[in-house]
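Participant: Single-letter residue listing:
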Amino acid sequence: NAGVMQNPRHLVRRRGQEARLRCSPMKGHSHVYWYRQLPEEGLKFMVYLQKENIIDESGMPKERFSAEFPKEGPSILRIQQVVRGDSAAYFCASSPDSPNYGYTFGSGTRLTVV
Amino acid sequence: SQQGEEDPQALSIQEGENATMNCSYKTSINNLQWYRQNSGRGLVHLILIRSNEREKHSGRLRVTLDTSKKSSSLLITASRAADTASYFCATDRGSRLTFGEGTQLTVNP
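So the sequences go chain by chain: A and B. At position 67 of the first sequence (counting the first as 1) the number is 61 in the numbering used here, and the numbers step up by one without a gap. With positions in the second sequence counted from 1, the corresponding number in the numbering used here is that position plus 2.
Hints were generated in silico from the structure; no laboratory data involved. As the structure is a computational prediction, the values presented were derived from the model and not from experiment. Among the hints, erroneous ones may be present.
[Claimed, not checked] Within a straight-line C-alpha distance of at most 30 Å, the following computed DSS-like cross-link-like pairs (lysine-lysine) qualify:
no., chain 1, residue 1, chain 2, residue 2
1, B, K28, A, K38
2, A, K21, A, K45
3, B, K71, A, K21
4, B, K72, A, K38
5, B, K28, A, K65
6, A, K56, B, K71
7, A, K45, B, K71
8, A, K38, A, K56
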């Protein structure tokens, strides 16, 4: 039973390019959460999705960022026209309907914007 | 200050000693969770304590929760060099976790 799978592990983009980060939740988990971690800081909530629905996107920047969790396939966090300030580690977590035992996190995607 | 603040920011101890980390939060919670993060890696869930629980144990870990003071503590007994990591508390209000800035624990062999 694989855990939460994120890819790529490392992603380098030039300013102005698009970054697409993928997250496959644990088998049986229907809830996906994206968090961002800047260097030397804790994780900050970005968005919470269920299949085909965005439940809470209150932590997402208003522009350039979007997320989806389609009926088939992984959840995608998309960052358009990346800037240096987008450089961070992006973590995905998943949970079952009742996350009574904590959330399972992926290993993260480290985005570097050059 | 934000929800889920850990104290101290950094802690350095010798192998075999106990390590205590504290966490304070501001709003009501469903539960509080502790996570560990090794340098450059993802988070590993350690323990979850519900709002109606006061203490919980898991191996060498002991977590307490005082909802009247809105605080929690994580105790690691008989520490090992492999316990070196950052430790985060996170409060769960139903649809998201709110993390603190973490405590960097260094266990010297």
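Participant: State for each hint whether it applies.
Facilitator: Verification of the supplied hints:
Between B:K28 and A:K38, the direct Cα distance comes to roughly 16 Å. Compliance with the 30 Å bound is thereby established for this hinted pair. For the given pair, A:K21 sits about 13 Å from A:K45 by alpha-carbon distance, which is consistent with the 30 Å threshold. Only pairs whose Cα atoms come within 30 Å are accepted, and B:K71 paired with A:K21 is rejected, the gap being roughly 38 Å. Taking the CA atoms of B:K72 and A:K38, the gap is about 20 Å. The hint holds against a cut of 30 Å.
Restraint check for B:K28 and A:K65: the C-alpha separation of about 37 Å exceeds 30 Å, so the hint is violated. For the suggested pair A:K56 and B:K71, the alpha carbons sit about 35 Å apart, so the restraint of at most 30 Å is broken. Restraint check: the Cα-Cα separation between A:K45 and B:K71 comes to about 38 Å, which exceeds 30 Å; the hinted pair is violated. A threshold of 30 Å between alpha carbons decides the hint, and for A:K38 with A:K56 the separation of about 15 Å falls inside it, so the pair holds.
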